Amino acid sequence: SQTIHQWPATLVQPVGSPLSLECTVEGTSNPNLYWYRQAAGRGLQLLFYSVGIGQISSEVPQNLSASRPQDRQFILSSKKLLLSDSGFYLCAWTSGPDRAKNIQYFGAGTRLSVL
Amino acid sequence: AQTVTQSQPEMSVQEAETVTLSCTYDTSESDYYLFWYKQPPSRQMILVIRQEAYKQQNATENRFSVNFQKAAKSFSLKISDSQLGDAAMYFCAYLIIQGAQKLVFGQGTRLTINP
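Going down the list, the protein sequences come from chains A and B.
The working numbering numbers the first residue of the first sequence as 1 and each following residue consecutively.
The working numbering numbers the first residue of the second sequence as 1001 and each following residue consecutively.
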């Protein structure tokens, strides 16, 4: 069965420090991958999505970037964190029959606090 | 642009009773998908139910059902026989089919179950 792993679960970083969040999907191939951010008490906002290795699309201009170095690996990065980057970051995937059904599945998320 | 609106920031219901959560959306597309996701305190996003816009029949999943009114662009979620484990944030979401299948989320409704 397919599973998705996100780490770390919680992260506290100082302003101006770099960031790297990782998401890995197991049990499937060629997934669509997504990074969402959830601000406190709000819904999710799509940040980046990828339909293949090295293919990244950005939804909103921001201080973050994404990369997909391998088929089932999606990384969210920043060179210098801002206070406004704090939030809950969720990775999601879809592939195969679930992509045909338009169903996305989410990881457990990373809570990022920038101080 | 597609938007999703959940007008009820909070709802509460007595255990074993029925509750309905509201959602409206705006789109010019004729073919799309709608979802309800549940986010318990663990913050894991869990798919509750999915509706295909071209299907007139309302989707049901056990105690969860929807009232899909395409002309009114309304997509409400009914939870029957509410259980304590149903307590969570509920998010309505619209899926953009074209391209990489992006989800647009509402702001969420916090559901409290009173014992």
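Don't take every hint at face value.
[Claimed, not checked] If we take Cβ atoms under 7 Å as the criterion, some of the chain A residues that face chain B in the derived model are: (1) W7; (2) P14; (3) V15; (4) N102; (5) A108.
Keep in mind the hints are simulated off the structure, nothing from the lab.
The model shown is predicted, which means the values in this text are computed figures rather than measured ones.
C-beta: ideal position from N, C-alpha, C; glycine also.
Consistency of the hints with the structure:
no., hint, result
1, W7, "violated, 14 Å"
2, P14, "violated, 24 Å"
3, V15, "violated, 24 Å"
4, N102, "holds, 5 Å"
5, A108, "holds, 5 Å"
Violated hints, listed in ascending order, are 1, 2, 3; each of the other numbered hints is respected by the structure.
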